[in-house]
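S.K.: One letter stands for each residue in the lines below.
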Amino acid sequence: MGPYESLTDKMEFIARMLVPYAVLAMIFILSIVTVPYPLAVFFQAPLLLMAIYYWSVYRPTLLPPWLVFAIGLLLDLITGMPYLGLSAILFLLGRIVVVDQRRFLTGQSFMVIWMGFAALAALFHIFQWSMSCLLSLQWMPVRDFVSSYVLGIVLFPALYLFLHLSHKILPAPISRSKTRIGSQKTDMTL
Amino acid sequence: MALPPLFSAVGATGLLVIMSVGLLAVSTFHPQALSGLRMNAADAAAPVLNVVSAPLQKAAIFVRDVTGLAALQAENARLLEENTKLREWYQTALLLEAENKSLRELMNVKLDTPHTYITARILSDSTNTFAKSLLVSAGSADGVQKGQAVIAADGLIGRVVEAGEHSARVLLITDMNSRVPVLVEGSRQHAIFAGQNDKKGTLVHLPPESKVSRGARVVTSGVGGVFPVGLPVGVISDTEGEIVIEPFANFNRLMHVRIVNKPEDPNLRPGGF
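Protein sequence lines, in the order shown, are assigned to chains A and B.
Take 1 as the starting number for the first sequence in our numbering and just add one per residue.
Take 1 as the starting number for the second sequence in our numbering and just add one per residue.
No lab work stands behind these hints: they were computed from the structure.
Built from N, CA and C at the ideal position, the CB exists for glycine as well.
Treat the hints with caution; some may be incorrect.
To be verified - Label pairs and their calculated CB-CB ranges:
(1) A/Q138 - B/N252: 21 to 27 Å
(2) B/R64 - A/G107: 39 to 45 Å
(3) A/E12 - B/N261: 53 to 59 Å
(4) B/A54 - A/A158: 19 to 25 Å
(5) A/L30 - B/N261: 31 to 37 Å
(6) B/T119 - A/Q101: 29 to 35 Å
What the hints assert, rightly or not - In silico negatives: residues of chain A with every beta carbon more than 10 Å from chain B:
(7) V19
(8) L62
(9) L86
(10) R95
(11) S109
(12) M111
(13) V112
(14) L123
(15) A158
(16) L159
(17) L163
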């Protein structure tokens, strides 16, 4: 008998699967909503990039490319980004880089994961700044990009903990693992 | 089932990157082509943002109150001092108002129709990346129209660039695409306030022979008809090289804005035959 055959098991499975998406939706809303001073500083960090990085390392199937594209596009649409599609490109490229390196990253200590995010965020912000200069045909102030990068690195452990908790709630993938609901076994399937 | 050749060659991610590049090209070369889509998305998100932003704003105020007791005491002392000065100014203003009124009556001056305002809450901001803009909680259903000036308690903050039904996008004066016709008080010199995507802006198109000094106030000139005359914009903070203007409005602490409703011109009546 399979692990999710009864109705309650199926309902539990669906509820557990929805938790990371609910967390993602919350992170998305917090990325676009206005939060006044002094809390504003926490929301200037690249929260969505952190979530994309986390799931691309630990379970890329949860965040497929079309969803990353949709997140980037919606972000640009709602925040009134003059260059529509830029966030989608940046997030998709970020996902490609991380998925390519995930065989190295999975199973590493938190410090390595943190350093991995610092490297990805550096590339992300440099590319974002370069594109903004190129598209607007002038040198853009770097202060906002630097503060977003530094905040991202500082706040990464807090969001990592939050995402890790939602990861623990996830049911283990059925395809290759026979582990029970709530297993923390890392999914290596794409 | 076999995948289409293009799809299998570049993969799903590659195809999505190509689509994003296409969107980027369209929005860069034809910015207006996608503005309707942008406003529809903002209108759809507005109710959710409205619900989420209210408790976050309350939490921010609470944290500010709890953590800033020492600052609050200092601010209280400063406000008491300022209040004393303002009371003196209030008496002077009352006298001047009465004097102005009687002089206008004597001269038979036709006064401008007073402005009305639409107050809106800020739902979303993109003030930390490429554009400096805000999404506010009032739209065409509330009387908001494209082109209206937007002010905060301290001074001008921007103008409405897109108006949806229940939300509107405000381009801040600090955005690098923003240009505001201004007047330097004292010298009565006309110029343009240009945003730099930074906290401060610069004064451009100022005649070379004109002399402006640090500390001079800059207000809207009303040239072009977009902004009403006399809205406070900022103060000249540097005159070495570029003339730098520090806006009066504190963009970090904004929660509500006032959209200036254009008064109906009594001289313009609906035509038709």
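S.K.: Which numbered hints does this structure break?
M.R.: Numbers 6, 9, 10 - these are the hints that the structure violates, sorted from lowest upward.
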